[in-house]
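Peer 1: Chain by chain, the residues:
There are 2 protein chains.
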Amino acid sequence: MDFSKLKKRNEAMDLLLENWAPRPETEFVELDDAEGYVLAENQYAAFSIPVVRASGMDGIAVRYDDFSEGIPDTSGWIEGREYVRADTGDDFDDAYDTVIPIERVTILEQGGLSLDADVKIEKGMHVLGKGSMLWEGQLLAEKGTRLQGRHLAALASGGVCQVPVIRKPRVGFIPTGSELIPAGTTPRRGQNIDSNSILAKSMLREMGAEPICYPIVKDRQDELSQALDKALSECDIVIINAGSSKGKEDFNTRLLRSKGKLLCHGVAAVPGRPMGVAVIEGKAVINIPGPSMAAFYGLDWMIRGIVCRWLGIPLPKRPVVQAELLEDLPAPPFLERLVFIELSEKDGTYFAKSHERGEKGRRHAMSSDGIFVSSLGKGGLKKGEIIEVEWLD
Amino acid sequence: MDFSKLKKRNEAMDLLLENWAPRPETEFVELDDAEGYVLAENQYAAFSIPVVRASGMDGIAVRYDDFSEGIPDTSGWIEGREYVRADTGDDFDDAYDTVIPIERVTILEQGGLSLDADVKIEKGMHVLGKGSMLWEGQLLAEKGTRLQGRHLAALASGGVCQVPVIRKPRVGFIPTGSELIPAGTTPRRGQNIDSNSILAKSMLREMGAEPICYPIVKDRQDELSQALDKALSECDIVIINAGSSKGKEDFNTRLLRSKGKLLCHGVAAVPGRPMGVAVIEGKAVINIPGPSMAAFYGLDWMIRGIVCRWLGIPLPKRPVVQAELLEDLPAPPFLERLVFIELSEKDGTYFAKSHERGEKGRRHAMSSDGIFVSSLGKGGLKKGEIIEVEWLD
Chain X
530 MDFSKLKKRN EAMDLLLENW APRPETEFVE LDDAEGYVLA ENQYAAFSIP VVRASGMDGI
590 AVRYDDFSEG IPDTSGWIEG REYVRADTGD DFDDAYDTVI PIERVTILEQ GGLSLDADVK
650 IEKGMHVLGK GSMLWEGQLL AEKGTRLQGR HLAALASGGV CQVPVIRKPR VGFIPTGSEL
710 IPAGTTPRRG QNIDSNSILA KSMLREMGAE PICYPIVKDR QDELSQALDK ALSECDIVII
770 NAGSSKGKED FNTRLLRSKG KLLCHGVAAV PGRPMGVAVI EGKAVINIPG PSMAAFYGLD
830 WMIRGIVCRW LGIPLPKRPV VQAELLEDLP APPFLERLVF IELSEKDGTY FAKSHERGEK
890 GRRHAMSSDG IFVSSLGKGG LKKGEIIEVE WLD
Chain U
530 MDFSKLKKRN EAMDLLLENW APRPETEFVE LDDAEGYVLA ENQYAAFSIP VVRASGMDGI
590 AVRYDDFSEG IPDTSGWIEG REYVRADTGD DFDDAYDTVI PIERVTILEQ GGLSLDADVK
650 IEKGMHVLGK GSMLWEGQLL AEKGTRLQGR HLAALASGGV CQVPVIRKPR VGFIPTGSEL
710 IPAGTTPRRG QNIDSNSILA KSMLREMGAE PICYPIVKDR QDELSQALDK ALSECDIVII
770 NAGSSKGKED FNTRLLRSKG KLLCHGVAAV PGRPMGVAVI EGKAVINIPG PSMAAFYGLD
830 WMIRGIVCRW LGIPLPKRPV VQAELLEDLP APPFLERLVF IELSEKDGTY FAKSHERGEK
890 GRRHAMSSDG IFVSSLGKGG LKKGEIIEVE WLD
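Top to bottom, those sequences are chains X and U.
Here my numbering runs 529 ahead of the position in the first sequence, where the first position is 1.
Here my numbering runs 529 ahead of the position in the second sequence, where the first position is 1.
The hints are simulated quantities; they were obtained by calculation from the structure and are not laboratory data.
Mixed in with the good hints, there may be bad ones.
Any copy will do: because identical chains look the same in the list, a pair fits if it lies in one copy or spans two.
Calculated lysine-lysine pairs in the DSS-like style (CA-CA distance at most 30 angstroms, straight line) [claimed, not checked]: (1) K882 x K659; (2) K649 x K846; (3) K672 x K875; (4) K790 x K911; (5) K759 x K912; (6) K649 x K534; (7) K747 x K659; (8) K672 x K534; (9) K875 x K846; (10) K659 x K730; (11) K911 x K747; (12) K882 x K536; (13) K882 x K846; (14) K911 x K882; (15) K759 x K659.
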């Protein structure tokens, strides 16, 4: 096999985007339902807070004029006449214009006040004017924001109730393979659990798409064709899982070719090298290889890349850590290799071990701590080298 | 005010944990519902995959004995007699023991096979034995894992359907303040929107708790007392929001003292300094100050810390970036200061601007890019200094 003919990951993505474009639409959702959506338009505050004014401290509101020539005798003052109580955030009558912190005031038993001798009074002090906390027209959240709780709080505080968002792209996931059985059944000889549907549903949700997971399709040309037609009619983007390599039952590549334009078959990335990228009826159709790590990787870079472009957001960042390799890490120079990593830590130094499939005594690769992707052209790494590991959630 | 008497954040947490302990319980949830829960026990695979064997390549399965003395004449071979098709993951009959990749095989028109002259045959090659992909008893996911899609896929692949998880702690959130009105109404003079309930609901869910958000309580002693009693009867942990400082209406601190043990009133962290920490009827009750940034900070460090301890998981990591300060950043040396940061980037260098409340022309602080916490004892920072900013999701 001539690996130099394989598309690099970014080339495969560019090729898709030359032949297919996301078609984001705006829809309105209730603020309560808006978490995880991407904001379609800048949102601005509809009113100012304070509406008129508010105290910036717990204290008493007074007239500055009473203090213009020094601290007066306040022992006979009466609440509601010379002063009012004004705690943080409280509005108070227009008659008063200045707030003295409660810590500097003693309220006397017979009414009246005693102020600390050294209290300094400035006109308007500790008074928050109209709009000083939030002003009408202030930018609450920017177009392109993936809405989290804090953004919803900002929108609510400025009076936004109906939120214009990018409709989530509907991403269909078709698991294929005669050997597959649904989770919850015990595999017999030759069978395997379809765990990729569970993975895809969760990952698609997390990346901001609406997953539509279809039933398992056997390796039969007619069933695959029908399943793809159904998904094309219901989804914006379709993932066919497995059947991407060259075996007898690998109808899927032929299917993509027969129904539309197969842009690319094979990427310079393992696991998942025989990925197929096609456009059919104006929709992106990606054939992701079946093994679970290949499915993870394909979802993580290709599908996440497509979904982020659809939504108009950058790829999310993951926390990273520098870690020392505990063993040699073989990697072909002509392929990027995704490696699942187990991390350990001693005295503030992190150590990384790759997670080879089938190695006895280790936990399941999908439960690893993080991932590392080897660079194209670099090849294998040696024990003791420092690699950058992305923590997985 | 003597700031040296304030508890540091870790001291406030330690004090709580000396007087109160999480009481995690295990419950079982369906795999479909398990995302976001914390696994209560190690989970192991119930069976092996392959159950017997599987082909590791797309190819044909043959008997090694036919190749023990070199490559035989295969032109008259018949499928089902001398060989069978065996694609990746396929089981095949016990009569065969070795797989030849399909790329090295040509299937002749009249049946029969032509093998590449240089093909190397080794006994058992490209055959995945029983348990080579997953073995009975393999650790699928570890106790203490916050379950994401990839863990659910691992559990499913090994036959786990009912998942033992830590019950999510029920965290009650009581918004208090006579000035508060619910989101969706327009504030009149002296009113403000309760946006903290929206913030808390989202943040509590994200940290792995079950939020119970109560209606707004006016600043009336009897109503506050009733609301707290209700929350104590329904929740594991209770947050009273606002009413934590020393104003006339700040019943809440007094309330905590009267109903239980007030462990701490005031922490060396702003915003949110007048936080109250109490234990009442064996439950943790935290009084978080009302301003939105104080609420965010209090939820982010104190409540997240408590919830993570309840669940037995480490604090989650955030991506970080080194950024150059574009302006002086005042911070008192005797308090940790949480600063909301706007980041910009030029030629790979990040620049940070703090997000002061009320500064005109800036977006809402809650929509910032990240946060920075100044160190105790360090005080203000100068323009040009490099700070470490945590990206917010």
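Peer 1: Are the hints correct? Go through all of them and say.
Peer 2: Against the structure, the hints come out as follows:
no., hint, result
1, K882 x K659, "between (58 angstroms within a copy, 25 angstroms between copies)"
2, K649 x K846, "neither (49 angstroms within a copy, 45 angstroms between copies)"
3, K672 x K875, "between (43 angstroms within a copy, 21 angstroms between copies)"
4, K790 x K911, "neither (42 angstroms within a copy, 57 angstroms between copies)"
5, K759 x K912, "neither (49 angstroms within a copy, 59 angstroms between copies)"
6, K649 x K534, "between (78 angstroms within a copy, 25 angstroms between copies)"
7, K747 x K659, "between (66 angstroms within a copy, 23 angstroms between copies)"
8, K672 x K534, "neither (40 angstroms within a copy, 44 angstroms between copies)"
9, K875 x K846, "both (25 angstroms within a copy, 18 angstroms between copies)"
10, K659 x K730, "between (47 angstroms within a copy, 29 angstroms between copies)"
11, K911 x K747, "neither (43 angstroms within a copy, 65 angstroms between copies)"
12, K882 x K536, "within (29 angstroms within a copy, 41 angstroms between copies)"
13, K882 x K846, "both (22 angstroms within a copy, 20 angstroms between copies)"
14, K911 x K882, "within (12 angstroms within a copy, 41 angstroms between copies)"
15, K759 x K659, "neither (57 angstroms within a copy, 36 angstroms between copies)"
Comparing the model with each numbered hint stated earlier shows that hints 2, 4, 5, 8, 11, 15 do not hold.
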